[in-house]
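Protein chains in written order, with the numbering used here: chain A, 43 to 221; chain B, 463 to 570.
Everything labelled a hint here was simulated from the structure, so no lab data went into it.
Worth double-checking, as some hints may not be accurate.
Said to hold, decoys possible - Taking lysine-lysine pairs in the DSS-like style, the calculated list, with each CA pair at most 25 Å apart, reads:
#: 1; chain 1: A; residue 1: Lys44; chain 2: A; residue 2: Lys92
#: 2; chain 1: A; residue 1: Lys218; chain 2: B; residue 2: Lys531
#: 3; chain 1: A; residue 1: Lys215; chain 2: A; residue 2: Lys156
#: 4; chain 1: A; residue 1: Lys92; chain 2: A; residue 2: Lys156
#: 5; chain 1: B; residue 1: Lys531; chain 2: A; residue 2: Lys215
#: 6; chain 1: A; residue 1: Lys108; chain 2: A; residue 2: Lys44
The chain contents come next:
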Amino acid sequence: MKNNVIRNRLFFFWNYDREEEWLNRMSEDGYELEDVFLWRYRFRRGSGQKMRYKLEFLSHDPRDEKGRDYLDFLADAGIETVCTFGRWAYLRRPAGEGEFELYSDISSKIGYFKRLFCFLLPVALVNLVLGLINILAFAGWDNRLAGGLCLFVFLLFCWGMRRTAGAIWRLNKEKKINE
Amino acid sequence: METAALTEAVYYILLSLREPLHGYGIMQRVEQLSGGRVRLAAGTLYGALSTLLERGWIEAMPEPRGSRKKEYRLAPAGRRAAEAELARLRELVRNGTEILEGDAGNEK
């Protein structure tokens, strides 16, 4: 068994739960995450202790004081920050410590999904505008190709926003009855 | 004074801070107070502490030099909020007991 393993994998922001499941499976196979850069994941053979992973889209840049303060708070609660990539934090805790959740009430979960939605929306809109400008205002094939790519990204992010908005809707419905 | 119901998490955080505690200490204390029923996740607790600090219901204790662990304690406004919630909960229990147990008595 190799000590270091590199895996290439595309991460779609709205599928972070599938990403967590994959990282958990890698841990089951004996590999723990070391670092992430774009689609490149670096793993190291672990000590044998199984870990559970969570990805979180942070409300502050992890290099800022507020972002660091939050990650320090998590560390105090036994949650290790493996690495950060942009505003995403890759967090883990030993599997033996039970269920690993970052939010235990509905309002916090709704707040989290809203934060993710507010990130996806402007990116989608920028791609829509760029796509339309490239296709409608220019005649060159290269502009049409770039425009088509932007519209594809827009549609991809629309799918992500739909999934995120669905989660907010379901939680709001639940909140009408439970806290 | 706030009249809306407090969330269970906020109510237990306020109760737990009768003595100064840091984040993980609050999580443990709340779990202990609720007999293991309420387990606050770290993200939820952090968000609640930030809101309570902004409202002045809790205070951050001065940090010892070199320590990054913040300790919090209950502020007078937080104590009043917890007392108001206790009064609200008593009213719920009183009315629930009168109506539901009264119904049970009539059915016998």
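Evaluated hints:
Our distance criterion of 25 Å between C-alpha atoms is met by Lys44 of chain A and Lys92 of chain A, whose separation comes to about 17 Å. With a C-alpha separation of about 36 Å, the suggested pair Lys218 of chain A and Lys531 of chain B falls outside the 25 Å cut-off, and the hint is violated. A hinted pair counts as satisfied when its Cα atoms are at most 25 Å apart, and Lys215 of chain A with Lys156 of chain A qualifies at roughly 15 Å. As the CA atoms of Lys92 of chain A and Lys156 of chain A are separated by approximately 31 Å, the hinted pair breaks the 25 Å bound.
Taking the CA atoms of Lys531 of chain B and Lys215 of chain A, the gap is about 37 Å. The hint is violated against a cut of 25 Å. Pair hint Lys108 of chain A plus Lys44 of chain A does not hold up; C-alpha atoms about 38 Å apart against a cutoff of 25 Å.
In terms of the numbered hints stated before, the structure departs from hints 2, 4, 5 and 6, listed from lowest to highest.
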